[in-house]
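Undergrad: Chain by chain, the residues:
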Amino acid sequence: QQQVKQSPQSLIVQKGGISIINCAYENTAFDYFPWYQQFPGKGPALLIAIRPDVSEKKEGRFTISFNKSAKQFSLHIMDSQPGDSATYFCGGGTSYGKLTFGQGTILTVHP
Amino acid sequence: KAGVTQTPRYLIKTRGQQVTLSCSPISGHRSVSWYQQTPGQGLQFLFEYFSETQRNKGNFPGRFSGRQFSNSRSEMNVSTLELGDSALYLCASSLIGLAESTDTQYFGPGTRLTVL
Chain P
1 QQQVKQSPQS
11 LIVQKGGISI
21 INCAYENTAF
31 DYFPWYQQFP
41 GKGPALLIAI
51 RPDVSEKKEG
61 RFTISFNKSA
71 KQFSLHIMDS
81 QPGDSATYFC
91 GGGTSYGKLT
101 FGQGTILTVH
111 P
Chain B
1 KAGVTQTPRY
11 LIKTRGQQVT
21 LSCSPISGHR
31 SVSWYQQTPG
41 QGLQFLFEYF
51 SETQRNKGNF
61 PGRFSGRQFS
71 NSRSEMNVST
81 LELGDSALYL
91 CASSLIGLAE
101 STDTQYFGPG
111 TRLTVL
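These protein sequences, in sequence, are chains P and B. Take the first sequence: its position 25, counting from 1, is numbered 25 in the numbering used here, and each next residue is one higher. Take the second sequence: its position 105, counting from 1, is numbered 105 in the numbering used here, and each next residue is one higher.
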């Protein structure tokens, strides 16, 4: 059972453009929604996260938009840079150290 | 503060063998979670340990097991290896494993296991 569906699988954006990655979840027990960024050869690193009682969170060029009624959330990367090229994972969290991840989106930002 | 370390970084085994992977969490972190990452299945949760006790478990067969020591270091064992076990095995540590914004999971670089 895939509890978190992520789209698109891959995304190509020009430098300076906006990158948008979407996720939909099924498990209403999730109370924590992180986005992780992973570079080749590295483990995932937390980028930004949101709780379901907040509809939007912004940190620098990264914004999470959260729609609890639709059970959807998205990551927006403004002014995308070549250094943002990586794989992005959305996730849903419950207690006791378990994160359920989407399939990942490979983002390529062309200079 | 040192990050999460995993050893070894790369392993090559043959079918039927067993393997043990090691994870040292960030100092002060007591929760360690393990994940399997493959191109087809993405990141899948294996299990979580806190204070030497397994608190949570994913949907993996009993060939996958783990343990945690009193210093919070954790090991993962896979017995009777199958070709499909080839993957990147990641461990993540957090303070108490509450999966919330105040208790971020920090991932190690992973152990790349290849089963021939």
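Simulated from the structure, these hints should not be mistaken for lab results. Some clues are possibly wrong.
What the hints assert, rightly or not - Listed next, the in silico EDC-like pairs over lysine to aspartate or glutamate satisfying Cα-Cα at most 20 Å (straight line):
{"no.": "1", "chain 1": "B", "residue 1": "Lys13", "chain 2": "B", "residue 2": "Asp103"}
{"no.": "2", "chain 1": "P", "residue 1": "Lys58", "chain 2": "B", "residue 2": "Asp103"}
{"no.": "3", "chain 1": "P", "residue 1": "Lys15", "chain 2": "P", "residue 2": "Glu56"}
{"no.": "4", "chain 1": "P", "residue 1": "Lys5", "chain 2": "P", "residue 2": "Asp31"}
{"no.": "5", "chain 1": "P", "residue 1": "Lys58", "chain 2": "P", "residue 2": "Asp79"}
{"no.": "6", "chain 1": "P", "residue 1": "Lys57", "chain 2": "B", "residue 2": "Asp103"}
{"no.": "7", "chain 1": "P", "residue 1": "Lys5", "chain 2": "P", "residue 2": "Glu26"}
{"no.": "8", "chain 1": "B", "residue 1": "Lys57", "chain 2": "P", "residue 2": "Asp79"}
{"no.": "9", "chain 1": "P", "residue 1": "Lys15", "chain 2": "P", "residue 2": "Asp84"}
Stated by the list, open to error - With the C-beta cut set under 10 Å, the calculated list includes, among others, these residues of chain P facing chain B:
{"no.": "10", "residue": "Thr28"}
{"no.": "11", "residue": "Tyr32"}
{"no.": "12", "residue": "Pro34"}
{"no.": "13", "residue": "Gly43"}
{"no.": "14", "residue": "Leu46"}
{"no.": "15", "residue": "Ser74"}
{"no.": "16", "residue": "Thr94"}
{"no.": "17", "residue": "Tyr96"}
{"no.": "18", "residue": "Gly97"}
{"no.": "19", "residue": "Lys98"}
{"no.": "20", "residue": "Gln103"}
The structure displayed is predicted, hence computed values, not measured ones. Backbone N, C-alpha and C fix where the C-beta goes; we use that ideal spot for every residue, glycine too.
Undergrad: Output the indices of the hints that this structure fails to meet, ascending.
TA: Hint check: 1, 3, 8, 10, 15 fail, others pass.
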